[in-house]
Amino acid sequence: MDRIAANVMELSGAEIVIRCLQEEQVEFVFGYPGGAVLYIYDEISKQDKVKHVLVRHEQAAVHAADGYARSTTRPGVALVTSGPGVTNAVTGIATAYMDSIPMVIITGQVPTHAIGQDAFQEVDTVGITRPCVKHNFLVKDVRDIAPTIRKAFQIATTGRPGPVLVDIPKDITVEKAVFNYPQNVPMRSYSPVTRGHSGQIKKAMQLLLEAKRPMIYTGGGVILGEASADLAQLVHSLGFPCTNTLMGLGGFPATDPQFVGMLGMHGTYEANMAMQHCDVLLAVGARFDDRVIGNPKHFHQEDRRIVHIDIDPSSISKRVKVDVPIVGNVRDVLTDMLAQLSASQERPDAAALAAWWKQIDEWRSRDCLKYDRSSAIIKPQSVIEALYKVTEGNAFVTSDVGQHQMWAAQFYKFDQPRRWINSGGLGTMGFGLPSAMGVQFAHRDAQVACVTGEASIQMCIQELSTCTQYRLPIKVVMLNNRYMGMVRQWQEFFHGNRHAESYMDALPDFVRLAESYGHVGMRIEKPADVEGAMREAFAMKERLVFMDFITDQTENVFPMVPGGKGLSEMILV
Amino acid sequence: MRHIISILLENEPGALSRVSGLFSARGYNIESLTVAPTEDATLSRMTIVTTGSEEIVEQITKQLNKLIEVVKVVDLSDGAHIERELMLVKVRAAGKDREEMKRMADIFRGRIIDVTDKSYTIELTGEGSKLDAFLQAVEPGLILETVRTGASGIGRGERVLKV
Numbered sequence: 001m002d003r004i005a006a007n008v009m010e011l012s013g014a015e016i017v018i019r020c021l022q023e024e025q026v027e028f029v030f031g032y033p034g035g036a037v038l039y040i041y042d043e044i045s046k047q048d049k050v051k052h053v054l055v056r057h058e059q060a061a062v063h064a065a066d067g068y069a070r071s072t073t074r075p076g077v078a079l080v081t082s083g084p085g086v087t088n089a090v091t092g093i094a095t096a097y098m099d100s101i102p103m104v105i106i107t108g109q110v111p112t113h114a115i116g117q118d119a120f121q122e123v124d125t126v127g128i129t130r131p132c133v134k135h136n137f138l139v140k141d142v143r144d145i146a147p148t149i150r151k152a153f154q155i156a157t158t159g160r161p162g163p164v165l166v167d168i169p170k171d172i173t174v175e176k177a178v179f180n181y182p183q184n185v186p187m188r189s190y191s192p193v194t195r196g197h198s199g200q201i202k203k204a205m206q207l208l209l210e211a212k213r214p215m216i217y218t219g220g221g222v223i224l225g226e227a228s229a230d231l232a233q234l235v236h237s238l239g240f241p242c243t244n245t246l247m248g249l250g251g252f253p254a255t256d257p258q259f260v261g262m263l264g265m266h267g268t269y270e271a272n273m274a275m276q277h278c279d280v281l282l283a284v285g286a287r288f289d290d291r292v293i294g295n296p297k298h299f300h301q302e303d304r305r306i307v308h309i310d311i312d313p314s315s316i317s318k319r320v321k322v323d324v325p326i327v328g329n330v331r332d333v334l335t336d337m338l339a340q341l342s343a344s345q346e347r348p349d350a351a352a353l354a355a356w357w358k359q360i361d362e363w364r365s366r367d368c369l370k371y372d373r374s375s376a377i378i379k380p381q382s383v384i385e386a387l388y389k390v391t392e393g394n395a396f397v398t399s400d401v402g403q404h405q406m407w408a409a410q411f412y413k414f415d416q417p418r419r420w421i422n423s424g425g426l427g428t429m430g431f432g433l434p435s436a437m438g439v440q441f442a443h444r445d446a447q448v449a450c451v452t453g454e455a456s457i458q459m460c461i462q463e464l465s466t467c468t469q470y471r472l473p474i475k476v477v478m479l480n481n482r483y484m485g486m487v488r489q490w491q492e493f494f495h496g497n498r499h500a501e502s503y504m505d506a507l508p509d510f511v512r513l514a515e516s517y518g519h520v521g522m523r524i525e526k527p528a529d530v531e532g533a534m535r536e537a538f539a540m541k542e543r544l545v546f547m548d549f550i551t552d553q554t555e556n557v558f559p560m561v562p563g564g565k566g567l568s569e570m571i572l573v
Numbered sequence: 001m002r003h004i005i006s007i008l009l010e011n012e013p014g015a016l017s018r019v020s021g022l023f024s025a026r027g028y029n030i031e032s033l034t035v036a037p038t039e040d041a042t043l044s045r046m047t048i049v050t051t052g053s054e055e056i057v058e059q060i061t062k063q064l065n066k067l068i069e070v071v072k073v074v075d076l077s078d079g080a081h082i083e084r085e086l087m088l089v090k091v092r093a094a095g096k097d098r099e100e101m102k103r104m105a106d107i108f109r110g111r112i113i114d115v116t117d118k119s120y121t122i123e124l125t126g127e128g129s130k131l132d133a134f135l136q137a138v139e140p141g142l143i144l145e146t147v148r149t150g151a152s153g154i155g156r157g158e159r160v161l162k163v
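Residue numbers (the working numbering), protein chains in the order written: chain L, 1 to 573; chain R, 1 to 163.
Check the hints yourself; a few may be wrong.
Each computed BS3-like pair below joins lysine-lysine, with the alpha-carbon atoms no more than 30 angstroms apart [claimed, not checked]:
no.	chain 1	residue 1	chain 2	residue 2
1	R	LYS72	R	LYS96
2	L	LYS389	L	LYS297
3	L	LYS321	R	LYS62
4	R	LYS102	L	LYS297
5	R	LYS66	L	LYS203
6	L	LYS51	L	LYS541
7	L	LYS202	L	LYS176
8	R	LYS66	L	LYS321
9	L	LYS297	L	LYS321
10	L	LYS49	L	LYS541
11	L	LYS140	R	LYS118
12	L	LYS297	R	LYS66
13	R	LYS162	R	LYS102
14	R	LYS72	L	LYS202
15	R	LYS118	R	LYS130
16	L	LYS202	R	LYS118
17	R	LYS62	L	LYS565
18	L	LYS541	L	LYS565
19	R	LYS62	L	LYS203
20	L	LYS370	L	LYS526
21	L	LYS212	L	LYS297
22	R	LYS72	L	LYS203
23	L	LYS565	L	LYS212
24	L	LYS202	R	LYS62
25	L	LYS176	L	LYS51
26	L	LYS358	L	LYS413
27	R	LYS162	L	LYS140
28	L	LYS413	L	LYS565
29	L	LYS413	L	LYS202
30	L	LYS140	R	LYS96
31	L	LYS212	L	LYS389
32	L	LYS297	L	LYS203
33	L	LYS46	L	LYS140
34	L	LYS321	R	LYS118
35	L	LYS212	L	LYS413
36	R	LYS66	R	LYS130
37	L	LYS413	L	LYS370
These are calculated hints, taken from the structure and not from any lab test.
One chain only, chain R, in its complex shape:
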């Protein structure tokens, strides 16, 4: 099953490799991993999307908690939560495709953030499935390049992850 795990950790060199090293050493999956400092610059917030049985995910959270630099771990999938991912897509936009691409970007509430006479670069945010849907909706030959951030997640309502 897919789980989305949020980690608050010390913003120190090497902390990221302790987390990623733990996953590779113990054979856990990482579907995506995002990390950046929080409003408190001494802390980083990481979101990891992983898959595994309940037992494995329980071990993952326990093992993460054991890392000295990890302050808090929450499995967001345990409750209601919001996920967002950012994708930048460079598409061919010449001739008849140019108008079509503009329409597609509008339908998916994307924004065209860079333009040349042959291409558009579109910015899209949403759940992973929405970004997948966009890529499926566009003719594959027109996609020049994609880059995705992986999911970031936050709990719904009053639930907060803080020191």
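Bound conformation, chain L alone:
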């Protein structure tokens, strides 16, 4: 008996954690060490399959894991310590949760006997993170580590994806157990739907084929569900107009003639008008949120039939009542729709469609994104256009939150999915630079740009140090207008132009700041220098270049649907 026991190798909890990550083929863990995770870090240092990336703040660890996940089809992984490690990570976790990003976060916890004793660096991690994770676990037995981590990856990556947190007390990382990694842990309470109901799909196709003024509106679900190719095929075979949400950009090629631009609060005139006035709407992996359709009552004033495809039943009929709900994986449902279309003789009403496109082209001719191209001061839009031109539309573009984010979304034409990386749901300033790090790790040779503002960048600027350590050649494109631009814009429109606390005074010299971290800094002040500077920066393939563009302080983002207003009640330039 003794001999058999000796043959079965027992591993410590910490070793098991790392073995699990190896089994999951995790390339990178973004993290920051601390007391409760020291044994896990010790094991990290003893192997080289799973590479650890040391950030400068736990928020950045989670954003970096998030950027990695968004730019690949793989879940991101973050590792932080108990207490403040966790509370710092919460912003990142909530960001990923709002945008349904697959991620596993491993957190250290005080030893089991100290839980509830107000121990040093103790917080109720499971309690604090419960409302902003898809699920979380507290592991209290070393034998549970492996099945729990497997479950975490299963839950994070299936159904509607999301972050899953595994909290591991320090003593559990020391105790020993036999390591056995399960392939699949069945959960009777968790079985996400995949295939859509064929009867519903048939009904949906019928509605679409009878439409006079059809519209296709797609969101982040198309990106997460890897459904862009099927979407493009459907849009092309039907000949319908297509719009993307902020989260859905790149889901349908922006340079395609059937693309009418982004919709929503800062969407194009043509997209919002077509959305409001269509008679049949196909919504794919989108959730009719407040920034997208504005006031739902106003949206309901027009009579239209709505087909809604989503993997999450709770997204359907939440803000807008729909006529044909289809719960399923968007790619599978679109494939089924395409099969039905090719089997059918029916085609959309060509005359009605031609008249609808004529109307859309009229709306397009309003040229809602125009701006003063002869300005003597750099217009922020022109910087994004230069970025698009210099990178030939192939860059991964991350952004922070505010005016620069909207201009990047409007003026960089994303033709591919997973190239536009931004915090759409939570709207997290500070997301841009750390998420760009995650993207650059996933795509070592790709062009990665972080479009930011002088306010947002300062919320995670310490990560310039991480970029130095790992030689990440990110190109920071900062639109510096010396204001929290979007706050100033709202104050101008809705608060009597009183700029309460929205001016950024005492800014650092960003060029010298970048240089002090060992990067290249540039300040660009003249419109004529914008493109040249951008070319020069992107030519430095091995270096992080921080471009400080001094832009027009008064520029606003148009069109704009004011909060609480209807989609067609836009403020236009």
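Go by the hints and put chain R onto chain L.
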């Protein structure tokens, strides 16, 4: 409108707070909530009484279904069902009130389960409205303490909620 929702969920620590947290985070009402393990100790059965429009109750059931530890959700109000609630009432029972209290307990088919020379503790079960009626029938000054469990519900007939 009032709805009575039955939930079968994993009997694990924290499962209750996921459910109650969902209600508070999304601004749903909880009128009452009862929970205990079932005959299968790995599962708990919860009954929640809530109010809201049809749209809200539809969202409540969808959101509950999304919780990883929730196995099944049924809105019992969708069909015929039975509801029961348990109440323990401590009443003053001295002098002329003593006989009156005994009679009241009998009328409501309650049972006196604890006696002192000045008080009775009465156990009552029934629908919430019956328990309300008892409290209204008794002179308020005589009620010393009440404790109610909140409603538990089950479908009528062959309808069962099981894994």
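Taken at face value, is the distance from the CA of LYS118/R to the CA of LYS202/L at most 30 angstroms? Not satisfied, since the Cα-Cα distance of roughly 73 angstroms exceeds 30 angstroms.
Assess, step by step, whether the Cα of LYS321/L is no farther than 30 angstroms from the Cα of LYS62/R, and give holds or violated. With Cα atoms ~15 angstroms apart, LYS321/L and LYS62/R stay inside 30 angstroms; holds.
Decide if the proposed pair is consistent with the structure: LYS118/R and LYS130/R, CA atoms, cutoff 30 angstroms inclusive. holds (25 angstroms)
Within a Cα-Cα threshold of 30 angstroms, do LYS212/L and LYS389/L meet the stated pairing? Distance ~37 angstroms between LYS212/L and LYS389/L Cα, so the pair is violated.
Holds or violated: LYS162/R to LYS140/L, with C-alpha atoms at most 30 angstroms apart: holds (29 angstroms)
Measure nothing beyond the straight line between the CA atoms of LYS321/L and LYS118/R; if it is 30 angstroms or shorter, mark the hint as holding. violated (60 angstroms)
Against the 30 angstroms threshold, does the CA-CA distance of LYS297/L and LYS203/L hold or violate the hint? holds (26 angstroms)
Is LYS140/L within 30 angstroms of LYS118/R, Cα to Cα? violated (50 angstroms)
If you draw a straight line from the CA of LYS413/L to the CA of LYS202/L, is it 30 angstroms or shorter? Measuring from Cα to Cα gives roughly 33 angstroms; hence the hint is violated.
Check the hint pairing LYS62/R with LYS203/L against an upper bound of 30 angstroms on the C-alpha distance. Holds: LYS62/R and LYS203/L sit about 23 angstroms apart, inside 30 angstroms.
Next pair to validate is LYS62/R with LYS565/L; report whether the Cα-Cα distance is within 30 angstroms. holds (28 angstroms)
Has the given pair, LYS51/L with LYS541/L, been kept, meaning a C-alpha gap of at most 30 angstroms? With Cα atoms ~23 angstroms apart, LYS51/L and LYS541/L stay inside 30 angstroms; holds.
Hint check: violations occur at hints 1, 2, 4, 7, 11, 13, 16, 18, 29, 30, 31, 34, 36; the rest are consistent with the structure.
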